[in-house]
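*Asks:* Go ahead and model the full structure; you've got the sequences and the hints to work with.
106 is the number that my numbering gives to position 106 of the sequence shown; each next residue is one higher, with no gaps.
Just so you know, these hints were derived from the structure itself, not from any lab.
Cβ atoms here follow ideal geometry from the backbone N, Cα and C, with glycine treated the same way.
Take the hints with a grain of salt, since some may be wrong.
[Said to hold, decoys possible] Straight-line C-alpha distance at most 27 Å; calculated DSS-like pairs for lysine-lysine:
| # | residue 1 | residue 2 |
| --- | --- | --- |
| 1 | Lys328 | Lys154 |
| 2 | Lys113 | Lys74 |
| 3 | Lys67 | Lys119 |
| 4 | Lys238 | Lys517 |
| 5 | Lys328 | Lys74 |
| 6 | Lys53 | Lys119 |
| 7 | Lys154 | Lys238 |
| 8 | Lys36 | Lys74 |
| 9 | Lys487 | Lys287 |
[As the list claims (entries may be wrong)] Listed next, with one range per pair, are the computed distances between beta-carbon atoms:
| # | residue 1 | residue 2 | range |
| --- | --- | --- | --- |
| 10 | Asp100 | Glu56 | 39 to 47 Å |
| 11 | Phe218 | Val412 | 52 to 60 Å |
| 12 | Lys67 | Ser403 | 23 to 31 Å |
| 13 | Gly510 | Tyr171 | 57 to 65 Å |
| 14 | Gln8 | Ala255 | 28 to 36 Å |
| 15 | Gln291 | Gly510 | 28 to 36 Å |
| 16 | Gln285 | Asn477 | 17 to 25 Å |
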Amino acid sequence: RVAGYVQQEELFVPSMTTREHLYFHAMLRLNRDITKEQRVNRVEELLNFLNLKKTENTLIGEPGRIKGLSGGEKRRLLFASEVLSDPPLLFADEPTSGLDGSMAFVICDAMRKLCNQGKTIVCTIHQPSSEIFQLFDTLYLMAEGRVAYFGSRKKAQEFFSMVGFDAPDNYNLADFYIQTLAMLPFDQESSVQRVEHICNEFEQTTLYAQRVAEARQFHTIDDDQTDAVGGLFHRAPKYKASFFTQLRWLMWRSAVDMFKNPFELRLRLVLAIIIGLLFGIIFLQLKYNQQAFQNISAVIFVLIINTSFSSVQHSADSYNRELPLFFKEHDDGIYRTIPYYASRVTLEFPTQAFTMFILVTIVYWMANLYDDVGRYFTLVGILILCAFVASSMGALIGVTMPSPEAAAAIVVPIVIPLMVFAGFFLSAKTVPDWLLWLKYLSWLYYSNEMALINQWEDVTSLDCNQVGNGTCYHTGNDIIDYYGFKKAHYYRNLGLLFALFIGFRLLGIGILLLRAKFQRRSG
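*Replies:* Okay, here's the thing in structure tokens:
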């Protein structure tokens, strides 16, 4: 890489340690011909060079959630990530922003050490202390879109004195230059005149002419220089690691994040147990008679609703919150979009399947659903597939929406119509033709039809003690017909659930690819 970019915003996986973060980047940023031992040695070298050795096993952390590194340590870790691949040029966007004086000096001193190793660092900085200011070689001052000075830091004071602005003794020169070039709101006209005078005077200097000549030289390279410059900017592969290497290490990072930060996983398991017990108590030991059959169907539909809402909401939020980190690392050429998306999908499967297994197991036997182990495992499978499809929709929402708040706000307007047309509140026979398309997009409809067929098709008799002219349902097939469902649709629905899963995932990948491409261009 010709250049690295240390952005102002700190984007990390908070549950990883300093060493784990650098190890992940070493595996994906460095050239393919570099051995694993060399990558580990490079990580060790940077930990020592940037004084991060003491915190190598400390979680990076996140304010208010996970205790971890200080602001200065995080900023040094940002530098370590970018210089890992040893670029000769480094851009730093306000690296001292938000840090106190001592931490700001530590960061700038680290940049100075990198410069002493032969690297060029272009850094924007506001209000540096005099101690920090002394670390810089070259100064580039701008005001109102014009160049006020561009040259040696040591000669800047001489230039300002020459144009009539003498710095007071024992005064921070950085503050003096900033104040001299500032546009004062209470003295706008005088400020404009002062800035124009300084910029005009600089444009008359030999230093300015020299800078212009240097710039023109880069636009008029002769034949002898073409090979040298071409060697510096030759088109190398954007990604250092192969597709499967990217997938492997992205899955590794996701697994580390999951096990190092188990609160979310534990919370989902605890909620599955609590909700399962709650539903089990509400629908405890239902009877197979005319009064209870709707309750039996209701508990199945409630499971489908709970699964759908929780899966959509969780995926929409988690995908959206991770987008800034994805865009940053994707723009840096660390990994492609598809390995990232595939790693997320792969790591979701086990946790979703396990929580669904716990939830259905508790409710199934407490509510006295059809007493057959095969039917029980079939319902578990239907609910797991329902969760996978719902998560696919959640991921689609997450990668599309601009913020977590927007993603959360759109979940209900999307899921509620699909829930209404799932065949429980509104019979499948009575859906208006012009709204049929909603039914066919509803994974809740397909899941509900399959689950009710699984529950009722082997029920051969129901107690019928109906009084009056009410309808009496004698078998499970009568109940399936009551909801407008057909047993012939069972395997069709299974295929359509897989089709929705694949369709939502492909849409999600497509949108993420487009957003990543647009983000790179706009960035």
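*Asks:* Check whether the Cα positions of Lys328 and Lys74 lie no farther apart than 27 Å.
*Replies:* holds, 16 Å
*Asks:* For the pair we were handed, Lys154 and Lys238, check the Cα-Cα distance against 27 Å.
*Replies:* Violated, because 39 Å separates the two Cα atoms, which is more than 27 Å.
*Asks:* Given the hinted pair Lys238 and Lys517, is their alpha-carbon gap at most 27 Å?
*Replies:* holds, 14 Å
*Asks:* Gln285 and Asn477, beta-carbon distance inside 17 to 25 Å?
*Replies:* Holds - the Cβ-Cβ distance for Gln285 and Asn477, about 24 Å, lies within 17 to 25 Å.
*Asks:* Evaluate the given range 28 to 36 Å for the C-beta pair formed by Gln8 and Ala255.
*Replies:* This hint holds: roughly 30 Å between Cβ atoms.
*Asks:* Is the Cα-Cα distance between Lys67 and Lys119 27 Å or less?
*Replies:* violated, 33 Å
*Asks:* Taking 57 to 65 Å as the stated bounds, is the beta-carbon spacing between Gly510 and Tyr171 within them?
*Replies:* Cβ of Gly510 to Cβ of Tyr171: about 58 Å, so the range 57 to 65 Å holds.
*Asks:* Kindly confirm whether 52 to 60 Å is satisfied by the beta carbon distance between Phe218 and Val412.
*Replies:* At roughly 56 Å between Cβ atoms, Val412 and Phe218 fall inside 52 to 60 Å, so the hint holds.
*Asks:* Taken at face value, is the distance from the CA of Lys154 to the CA of Lys328 at most 27 Å?
*Replies:* At roughly 36 Å apart (the allowed maximum being 27 Å), Lys154 and Lys328 break the hint.
*Asks:* Go ahead and decide if the range 28 to 36 Å is satisfied by the Cβ distance of Gln291 to Gly510.
*Replies:* Between Gln291 and Gly510, where Cβ atoms are some 49 Å apart, the hint is violated.
*Asks:* Below or equal to 27 Å on CA atoms is what counts here, so check Lys53 against Lys119.
*Replies:* Distance ~23 Å between Lys53 and Lys119 Cα, so the pair holds.
*Asks:* Would you check the hint for Lys487 and Lys287, treating anything up to 27 Å between C-alpha atoms as holding?
*Replies:* holds, 23 Å
Checked against the numbered hints given earlier, the structure breaks hints 1, 3, 7, 10 and 15 and satisfies all the rest.
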